[in-house]
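Protein chains in written order, with this note's numbering: chain A, 1 to 342; chain B, 343 to 684.
It is possible that part of the hints are untrue.
[As the list claims (entries may be wrong)] With a cut-off of at most 25 Å between alpha-carbon atoms, the simulated SDA-like pairs for lysine to any residue come out as follows: (1) B:Lys615 <-> A:Arg14; (2) B:Lys455 <-> B:Gly348; (3) B:Lys486 <-> B:Ala637; (4) B:Lys486 <-> A:Ile281; (5) A:Lys109 <-> A:Ala119; (6) A:Lys273 <-> B:Val531; (7) A:Lys144 <-> B:Arg454; (8) B:Lys349 <-> B:Arg682; (9) B:Lys648 <-> B:Glu572; (10) B:Lys615 <-> A:Leu326; (11) B:Lys486 <-> A:Arg288; (12) A:Lys171 <-> A:Gly203; (13) B:Lys557 <-> A:Asn237; (14) B:Lys362 <-> B:Ala431; (15) A:Lys273 <-> B:Glu415; (16) A:Lys210 <-> B:Phe627; (17) A:Lys306 <-> A:Arg294; (18) A:Lys20 <-> A:Pro32; (19) B:Lys615 <-> A:Glu230; (20) A:Lys273 <-> B:Lys455; (21) B:Lys557 <-> A:Lys109; (22) B:Lys362 <-> B:Asp457; (23) A:Lys273 <-> A:Gly324; (24) A:Lys109 <-> A:Phe292.
[Stated by the list, open to error] Short, incomplete list of chain B residues facing chain A, as computed with Cβ under 10 Å: (25) Val373; (26) Lys615; (27) Leu617; (28) Trp641; (29) Gly645.
If you are wondering where the hints come from, they were derived from the structure by calculation, not from laboratory data.
All C-beta atoms, glycine included, are put in the ideal place defined by N, C-alpha and C.
Number of protein chains: 2
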Amino acid sequence: MSGTAGKRVLLAARPLGEPKESDFRIEDMPVPQPGPGEMLLRTLWLSLDPYMRGRMSDAPSYATPVAIGQVMEGRTVSEVLASNCDGFAVGDIVFSPNGWQTYAVSDGKLVRKIDPALAPISTALGVLGMPGMTAYTGLLDIGKPQAGETVVVSAASGAVGSLVGQIARIKGARAVGIAGGPDKCRYVVEQLGFDACVDHRGGDLPARLKAACPKGIDVYFENVGGSVFEAVFPLLNNFARVPVCGQIATYNATEMPAGELRTSAVTRAILTKRLTLRGFIVSDFAARHGVFLRAVSAWLREGRIKYREDVADGIEKAPRALIGLLRGENFGKLLVRVARAG
Amino acid sequence: MSGTAGKRVLLAARPLGEPKESDFRIEDMPVPQPGPGEMLLRTLWLSLDPYMRGRMSDAPSYATPVAIGQVMEGRTVSEVLASNCDGFAVGDIVFSPNGWQTYAVSDGKLVRKIDPALAPISTALGVLGMPGMTAYTGLLDIGKPQAGETVVVSAASGAVGSLVGQIARIKGARAVGIAGGPDKCRYVVEQLGFDACVDHRGGDLPARLKAACPKGIDVYFENVGGSVFEAVFPLLNNFARVPVCGQIATYNATEMPAGELRTSAVTRAILTKRLTLRGFIVSDFAARHGVFLRAVSAWLREGRIKYREDVADGIEKAPRALIGLLRGENFGKLLVRVARAG
Chain A
1 MSGTAGKRVL
11 LAARPLGEPK
21 ESDFRIEDMP
31 VPQPGPGEML
41 LRTLWLSLDP
51 YMRGRMSDAP
61 SYATPVAIGQ
71 VMEGRTVSEV
81 LASNCDGFAV
91 GDIVFSPNGW
101 QTYAVSDGKL
111 VRKIDPALAP
121 ISTALGVLGM
131 PGMTAYTGLL
141 DIGKPQAGET
151 VVVSAASGAV
161 GSLVGQIARI
171 KGARAVGIAG
181 GPDKCRYVVE
191 QLGFDACVDH
201 RGGDLPARLK
211 AACPKGIDVY
221 FENVGGSVFE
231 AVFPLLNNFA
241 RVPVCGQIAT
251 YNATEMPAGE
261 LRTSAVTRAI
271 LTKRLTLRGF
281 IVSDFAARHG
291 VFLRAVSAWL
301 REGRIKYRED
311 VADGIEKAPR
321 ALIGLLRGEN
331 FGKLLVRVAR
341 AG
Chain B
343 MSGTAGKRVL
353 LAARPLGEPK
363 ESDFRIEDMP
373 VPQPGPGEML
383 LRTLWLSLDP
393 YMRGRMSDAP
403 SYATPVAIGQ
413 VMEGRTVSEV
423 LASNCDGFAV
433 GDIVFSPNGW
443 QTYAVSDGKL
453 VRKIDPALAP
463 ISTALGVLGM
473 PGMTAYTGLL
483 DIGKPQAGET
493 VVVSAASGAV
503 GSLVGQIARI
513 KGARAVGIAG
523 GPDKCRYVVE
533 QLGFDACVDH
543 RGGDLPARLK
553 AACPKGIDVY
563 FENVGGSVFE
573 AVFPLLNNFA
583 RVPVCGQIAT
593 YNATEMPAGE
603 LRTSAVTRAI
613 LTKRLTLRGF
623 IVSDFAARHG
633 VFLRAVSAWL
643 REGRIKYRED
653 VADGIEKAPR
663 ALIGLLRGEN
673 FGKLLVRVAR
683 AG
């Protein structure tokens, strides 16, 4: 493959507010040569996820930001093109954090083989990957839904939210989604089997959410923040649990809203209703990976879990696709098809 | 004793904002006669606690409010004056929720005998009672302090806060108090052995708290809310735990501050720092009562735990004393000495 030009996407500037395409730089790259103990990977699928907005900023967070001029960080499904690496052979399909580039060299440390016979390989970035595990652990280890309880999840048609509601149903809970627009809401109810879905763009979210949750809310799986959180919060029942997974409504915010913090409204409810609010990152539950993979793979095989992918073609489409993701334009797990295997 | 007039304190009106003495009515009462299976109790000590403000309102809460014209609710240490009740004899000293009255009749169901040889009987309302158990379970079951961590507690000289910091020290953590005024702060450090105490009335609480917590805050035991919470919140470390026990700064509030909720500042930090905020009521941990009592009694006997009582004399002083408690005027566990035993 040597000599074939590759492409990579660098972070060109730290976005102020919503990222612009000019915050990224696409450049050609030579196909790298694997040294001893290394292998050459070709990216097939690149996953685009909301957390990437955080890596573009240097605000304090749980992870180091991508440096200016550095390749954008990202998880991929890749193919082994050449290998000096024990345990990996040409043609193997692997999960690897290559970043936004068509080729990468790896020593195999962060790489895991994928069995293409088990499920479509792209699911290693979605329902069987980080988003799936985020849904599984956040819901079951923090949310702990009981049969008959009401579970609400925001961004319900997305990679994480869609699985949260379906697992809630499997556990016997009532699943209510919040999503943006009638098409997504229809999909969430008709295809994913949620009991209800409320369009947060449809006006008077608090009243319509209340109508969809006549017995209040026992678990709120929080992906969004802002006005969606504030519509949910007063409906929480005593002893409700709130796994805080994402805050996509605020990722492009340049500053918090002005005025008093008004935390009292939150802390007072936490007290009187004995709420639990707990933030988590999927890596906090790394030890649960095997359990997650067995459970969700089985549900997938049995047809109890559905998923939807939203695919952009070609790595040069990645910047625009990520901008759209942060606007809620994607419909399902957002992926970039970088190359086809073989 | 029949014929001796007693006194009781009724709720006369629901307070708007800070309670006034006219929200209570003190009246004479006849000494009641115990029927079959009942006993007559004389109140020796009445406990005054912040939760009582909640019982005076009919805003939604975790407990039913006291009705207008009803005797104010309250825990007491009492003496058995006459008994037709199995297991209780004249002269026994008991814990009993008599309410704000000098005499009560009980069927024994909510009554527990106290051994006066173990500790001063008033401690059954403080360090060995509900406030002690609140501190013990909230700190250890939710806060889970580890050796070397920093534990901050507000209302640090109070019945709950003073024990939280002392238990944190026993567990090898660094204990930092927040209290109102230099006398309380001095007591917290010099008598209770906290590592530091910050006066929330001293101006620029955020900066002085930060200086007192150079390694950030791992556990914040929340008794206060409002601006104290908002000074603590930015200093919370990753994986910090916040047992939300009280919100005394807001108990007299007639409305939440105007303006946007601004929950985003809270939920975003919960996410990126993986915080846990959890409200609790001591009764949620009822099963831990035996463990608590054995542990704290032992620490008390060994001199590892100190406590301080603030005593008002006579039940007619109770309304004014409760008003002062909500202003932070008490210094130590607030009790009303209603009568002396014997």
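These are the hints, each one checked on the structure:
The hinted pair formed by Lys615 (chain B) and Arg14 (chain A) meets the criterion: a straight-line CA distance of about 22 Å does not exceed 25 Å. Proximity of Lys455 (chain B) to Gly348 (chain B) is assessed by CA-CA distance (about 23 Å); at most 25 Å being required, the pair is judged to hold. Distance hint between Lys486 (chain B) and Ala637 (chain B) is fulfilled; the C-alpha atoms sit about 16 Å from each other, no more than 25 Å. Our distance criterion of 25 Å between C-alpha atoms is met by Lys486 (chain B) and Ile281 (chain A), whose separation comes to about 20 Å.
Restraint check: the Cα-Cα separation between Lys109 (chain A) and Ala119 (chain A) comes to about 23 Å, which is no more than 25 Å; the hinted pair holds. Annotation: proposed proximity of Lys273 (chain A) to Val531 (chain B) is violated, straight-line Cα distance about 33 Å (limit 25 Å). Our distance criterion of 25 Å between C-alpha atoms is broken by Lys144 (chain A) and Arg454 (chain B), whose separation comes to about 36 Å. Straight-line distance between C-alpha atoms of Lys349 (chain B) and Arg682 (chain B) comes to about 15 Å, which keeps the hinted pair within the 25 Å bound.
Only pairs whose Cα atoms come within 25 Å are accepted, and Lys648 (chain B) paired with Glu572 (chain B) is rejected, the gap being roughly 29 Å. As the CA atoms of Lys615 (chain B) and Leu326 (chain A) are separated by approximately 21 Å, the hinted pair is consistent with the 25 Å bound. For the given pair, Lys486 (chain B) sits about 22 Å from Arg288 (chain A) by alpha-carbon distance, which is consistent with the 25 Å threshold. Proposed proximity of Lys171 (chain A) and Gly203 (chain A) is contradicted: the alpha carbons are some 31 Å apart, above 25 Å.
Taking the CA atoms of Lys557 (chain B) and Asn237 (chain A), the gap is near 35 Å; set against the 25 Å cutoff, the hint is violated. A hinted pair counts as satisfied when its Cα atoms are at most 25 Å apart, and Lys362 (chain B) with Ala431 (chain B) does not qualify at roughly 39 Å. With a CA separation close to 21 Å, the supplied pair Lys273 (chain A) and Glu415 (chain B) stays within the 25 Å bound. Of the pairs offered as hints, the one joining Lys210 (chain A) and Phe627 (chain B) is violated, with about 31 Å between alpha carbons and a cut-off of 25 Å exceeded.
The hinted pair formed by Lys306 (chain A) and Arg294 (chain A) meets the criterion: a straight-line CA distance of about 16 Å does not exceed 25 Å. Restraint check: the Cα-Cα separation between Lys20 (chain A) and Pro32 (chain A) comes to about 29 Å, which exceeds 25 Å; the hinted pair is violated. For the suggested pair Lys615 (chain B) and Glu230 (chain A), the alpha carbons sit about 20 Å apart, so the restraint of at most 25 Å is met. A threshold of 25 Å between alpha carbons decides the hint, and for Lys273 (chain A) with Lys455 (chain B) the separation of about 32 Å lies outside it, so the pair is violated.
Note on Lys557 (chain B) and Lys109 (chain A): the hinted pairing is violated, with a Cα-Cα distance of about 33 Å set against a maximum of 25 Å. With a C-alpha separation of about 37 Å, the suggested pair Lys362 (chain B) and Asp457 (chain B) falls outside the 25 Å cut-off, and the hint is violated. Between Lys273 (chain A) and Gly324 (chain A) the alpha-carbon distance is near 37 Å, which puts this suggested pair outside the 25 Å criterion. For the given pair, Lys109 (chain A) sits about 21 Å from Phe292 (chain A) by alpha-carbon distance, which is consistent with the 25 Å threshold.
Evaluation of the Val373 (chain B) hint against chain A yields a violated restraint, the C-beta minimum of about 37 Å exceeding 10 Å. Residue-level restraint check for Lys615 (chain B) holds (minimum Cβ-Cβ distance to chain A is 6 Å; threshold 10 Å). Interface hint at Leu617 (chain B): satisfied, since its Cβ lies 5 Å from the closest Cβ of chain A, which is below the 10 Å cut-off. For Trp641 (chain B), the interface hint is violated, since its Cβ never comes within 10 Å of a Cβ in chain A; the closest pair sits about 27 Å apart.
Because the beta carbon of Gly645 (chain B) sits about 33 Å from the nearest beta carbon in chain A, more than 10 Å, this interface hint is broken.
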